[in-house]
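For what it's worth, my numbering labels the leading residue of the sequence shown as 25, then goes sequentially.
Treat the hints as calculated values from the structure; they're not laboratory data.
Bear in mind the structure is a predicted one, so any value in this text is a computation, not a measurement.
Each hint should be verified, as a subset may be incorrect.
Pairs of lysine to any residue, SDA-like flavour, derived with a Cα cap of 25 Å [unchecked claim]:
1. K62 to Q157
2. K159 to Y66
3. K159 to E130
4. K62 to L148
5. K211 to Q157
6. K159 to L148
7. K33 to V44
8. K62 to L52
9. K62 to K159
10. K116 to K159
11. K159 to L131
12. K159 to M138
13. K116 to R72
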Amino acid sequence: MLTEVLQFKSEAVPPIESTVAEAERERLEIQIAEEELKLRGYSLSASRAERLPSIDFVADYGQSGSTPAQSSVPTRNVGVRMNVPLFNMATKGRIDAAQSRRRQAELQLNDARMQVEEDVRLSLQTISTVAQQVKAAQQTVALADRELQMARDRFTAGIADNLEVINAQASLANARVAEIAALAQYKAAQINLAAALGSIESFKW
Numbered sequence: 025m026l027t028e029v030l031q032f033k034s035e036a037v038p039p040i041e042s043t044v045a046e047a048e049r050e051r052l053e054i055q056i057a058e059e060e061l062k063l064r065g066y067s068l069s070a071s072r073a074e075r076l077p078s079i080d081f082v083a084d085y086g087q088s089g090s091t092p093a094q095s096s097v098p099t100r101n102v103g104v105r106m107n108v109p110l111f112n113m114a115t116k117g118r119i120d121a122a123q124s125r126r127r128q129a130e131l132q133l134n135d136a137r138m139q140v141e142e143d144v145r146l147s148l149q150t151i152s153t154v155a156q157q158v159k160a161a162q163q164t165v166a167l168a169d170r171e172l173q174m175a176r177d178r179f180t181a182g183i184a185d186n187l188e189v190i191n192a193q194a195s196l197a198n199a200r201v202a203e204i205a206a207l208a209q210y211k212a213a214q215i216n217l218a219a220a221l222g223s224i225e226s227f228k229w
């Protein structure tokens with residue numbers, strides 16, 4: 025039966041905070057935004073480093089003498105050279121541009137996190153609501169089944185006609201259709217939650 029394929033197992037809705045945290049770890053767009061922010065941070069650091077002084081160690085070794093035929097004396101020179109970049113607009117422009125790109129990456133990461141949280145909240149709310157609908161539909165099926173059994177008993181006892189049985193059968197059929205629809209909605213809600221968590225690949229159908 026389709027109701028057996030679309031199984032329903034009542035489960036407690038997980039806490040929103042831990043669920044959002046899980047989604048932020050798993051969602052691909054969050055991972056991409058985080059890596060982009062790191063990249064922009066490295067680029068900004070590199071641009072800022074252009075303004076910093078640099079130190080070079082220099083060394084020289086040679087021979088000193090009047091002529092090549094005469095005895096020469098070894099010479100050695102060791103020194104330290106400091107380079108101090110002069111302020112220029114080109115460097116400032118690169119730093120400003122790198123800062124702007126990093127800020128944009130921060131905004132994109134924040135937007136991605138907000139979207140993920142919204143997706144998770146909506147998915148949890150939906151699955152909770154649909155679970156209640158499934159329970160109500162299953163209760164309706166149980167009641168309709170009891171009504172059908174009672175109608176059959178009355179018909180067998182001769183205190184009711186066949187029309188009551190037919191009506192009870194129709195009510196049970198309608199209740200089962202509603203149950204299947206609710207189960208399908210619950211399965212869809214489970215899929216949406218798995219997608220919101222970034223774990224759709226491991227979803228158990």
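Structure-based check of all given hints:
Distance hint between K62 and Q157 is unfulfilled; the C-alpha atoms sit about 45 Å from each other, more than 25 Å. Of the pairs offered as hints, the one joining K159 and Y66 is violated, with about 54 Å between alpha carbons and a cut-off of 25 Å exceeded. Simply put, K159 and E130 have alpha-carbon atoms about 44 Å apart, too far for the 25 Å limit, and the pair is violated. Restraint check for K62 and L148: the C-alpha separation of about 31 Å exceeds 25 Å, so the hint is violated.
Restraint check: the Cα-Cα separation between K211 and Q157 comes to about 12 Å, which is no more than 25 Å; the hinted pair holds. Using a Cα cut-off of 25 Å, the hinted pair K159 and L148 holds, with the two alpha carbons roughly 17 Å apart. At most 25 Å may separate the alpha-carbon atoms for a hinted pair to count; K33 and V44 meet this at roughly 23 Å. A threshold of 25 Å between alpha carbons decides the hint, and for K62 with L52 the separation of about 16 Å falls inside it, so the pair holds.
For the hint linking K62 to K159, the alpha-carbon distance of about 48 Å lies beyond 25 Å, and the restraint is violated. Of the supplied pair hints, the one linking K116 and K159 is violated, its CA atoms being roughly 65 Å apart against a limit of 25 Å. Distance restraint check for K159 and L131: the Cα-Cα separation of roughly 42 Å exceeds the 25 Å cut-off, and the hinted pair is therefore not satisfied. The suggested pairing of K159 with M138 is violated, with an alpha-carbon distance near 32 Å, which exceeds 25 Å.
A distance of roughly 9 Å separates the Cα atoms of K116 and R72; the hinted pair therefore holds under the 25 Å criterion.
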